[in-house]
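Participant: Spelled out from the first residue to the last, the chains are:
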Amino acid sequence: MSALALIDYGAGNLHSVYNALRKAGADDVVITGDPDVVAKADRIVLPGVGAFRACRDALVAIPGMVDAMNDAVHRRGMPFLGVCVGMQLLADAGEEFGRHDGLGWIPGTVRLIEPADPTVKVPHMGWNDVILQGTPPLLVSGEAYFLHSYHFEAADPAHVAAVTVHGGPLVAAVARDTVIGCQFHPEKSQSYGLSFLSRFLEWRP
Amino acid sequence: MTVRTRVIPCLDVANGRVVKGVNFIDLRDAGDPVEQARVYDAAGADELCFLDITATHEARGTILDVVRRTAEVCFMPVTVGGGVRSPDDARALLLAGADKVAVNSAAVARPEVVADIADRFGSQCVVGSVDARMVAPGRWEIFTHGGRKPTGIDAVEHAIRLAKLGAGELLVTSMDGDGTKAGYDLALTRTIADAVSIPVIASGGVGTLQHLVEGVIEGHASAVLAASIFHFGQHTVAEAHQALAAAGVPVRTG
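In order, the protein sequence lines correspond to chains A and B.
Here this note's numbering is used: the first residue of the first sequence is 1, the next is one more, and so on.
Here this note's numbering is used: the first residue of the second sequence is 1001, the next is one more, and so on.
FYI, nobody ran anything at the bench for these hints, they're computed from the structure.
Each hint should be verified, as a subset may be incorrect.
[What the hints assert, rightly or not] Derived list of chain A stretches under chain B, where covered just means 3 residues or more per stretch with a C-beta under 8 Å from a C-beta of chain B:
| # | region |
| --- | --- |
| 1 | 19-31 |
| 2 | 47-60 |
| 3 | 147-154 |
Quick reminder that beta carbons are idealized off the backbone N, C-alpha and C, glycines included.
This is chain B alone, in the form it adopts within the complex:
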């Protein structure tokens, strides 16, 4: 076979606590990201993503403790995004046990931060986040502040630039689709995936298993990220794998 398409549950974490997460009754503490990570580890998730949405600077360190405790009990790849502004931020997360760090608004303000991190720790650990909204048919723009603030930066050009600067992967999130359950922005995902030689993770808008399949078949993504369809027990990771396999997409069997 070939490298498997990855299914990646994403957990939003604020002040060291899960904002919305799996609500299984056997969890001792459903708000603990480590407990959630254990559930996904046992469920056969291919990777896990923590998105740190902690608002205050003072509470930033809480994600390090989450990553450290996760790495003690979960033996799966973990990506951490949110608040990564410098190589030192990246280093702290990598030493705590993260495998990859996603750089978001810092790379909008100064894309070279991607090169700074890649040069020190390798491209394989730098994920470039591309948060975009469609502004005209076939044209997307980078938005910040949770999709509220336009930047005037063309999303596809930004994605290509991050790849050239040494990002090892791109996390492409449709801010139009995020939270809508209407599916990925397939044109956005495909346009970027076809323009770069690094893997692309499709993100934003998953409401059904078919959306995951579309992200790969039509969006040309190497990995599919989703939150609520897993967290609220609508589907399991195994069901996601089965749906992808049924569509002829290579997935993990073990």
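Isolated chain A (complex conformation):
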């Protein structure tokens, strides 16, 4: 198994994602905040929970980290997984406490979930369907655990890998080339999540 860089930028679910990757079969996970390690990694995971802006600020505060991620993913074509806010950061921008730039890897904007039906609760919290759109990589139909108030509005439907339904369709996963991002928490989705992570570890896009 090649080296997997799990990016440490203060995200609250870092250790849960680490534990789940290990359980899913990863034997060489490096928790790192070092851009040089990320640039050389064969596989990258970006965790994240909480507010878009706080996560974005923490990520760009590490000198060279975004460049290293770009280098690994867009120059060397390494597989990349973003989880929850780690997935939302792939968008052009997030509108949580103002408008803030994202990585811009997958065109779209992260916005507050605003259901038309007032009985639909926000945050979207709990187990819900992962409904595939077309034939996306790595994903299978099933139930996963979601915990979020903001959602990814993709500009191009071709990048929507899966949706879920909570007062209307919400993006559950995005995918583009060697990049995949899931709104649900694989590290908290029991066997569904662990098998998804196992497939990511074997992914050769």
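Keeping the supplied structure of chain A fixed, place chain B upon it in accordance with the hints.
Facilitator: Below, chain B without anything else, positioned relative to chain A:
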């Protein structure tokens, strides 16, 4: 479908040990919260709740070790309540592997602590605890110290305030019902659930599977929490799911 109604077993933990828990013979150590968590993980619980009732300040750190060890072997959402007084308390629990922290008496003394935690770590990880007793028909008051001490604070107003301050969820416990097995206080649960836009967990008083169903159908709760009916082997999580599904409530099938 839509988001599933969650069934949440709750374990009381003191000094790192389960106070009352599942008494299955295949457990190596029935007093170990991690062993209990594994049982519920395998049983398909939708989330797990640890309520830390450790009395002394010195032993407070024991819950962190419990959460850390649980997160190594259980891949399910975990909420931890009890003794969360500050963003630093919340941070320690979240880094240990908790997904949500429930803020109880600290938010009675100073509701803004909910905003302090939500601003730093996001609303999704802050559960506002509402421990209430009925003081008159249709009127409930916040009680502290395990339901012994009245505060004069209206429970519904307090719940709405915690939601406005950024709580992502409310854990509504009827201190009248707690331990009685007579069922949730459905009027309390429904009054709060209908007044806020965030999910409400019904808690306190479950004695039968029908009580769980009532909590959702009549109480309008998004999740149902119970302790003894699961711990003492009266019912399994699967039976709880089946009872809810039979009543037309969406539950997890996988």
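Participant: Tell me the numbers of any earlier hints that the structure contravenes, in ascending order.
Facilitator: none
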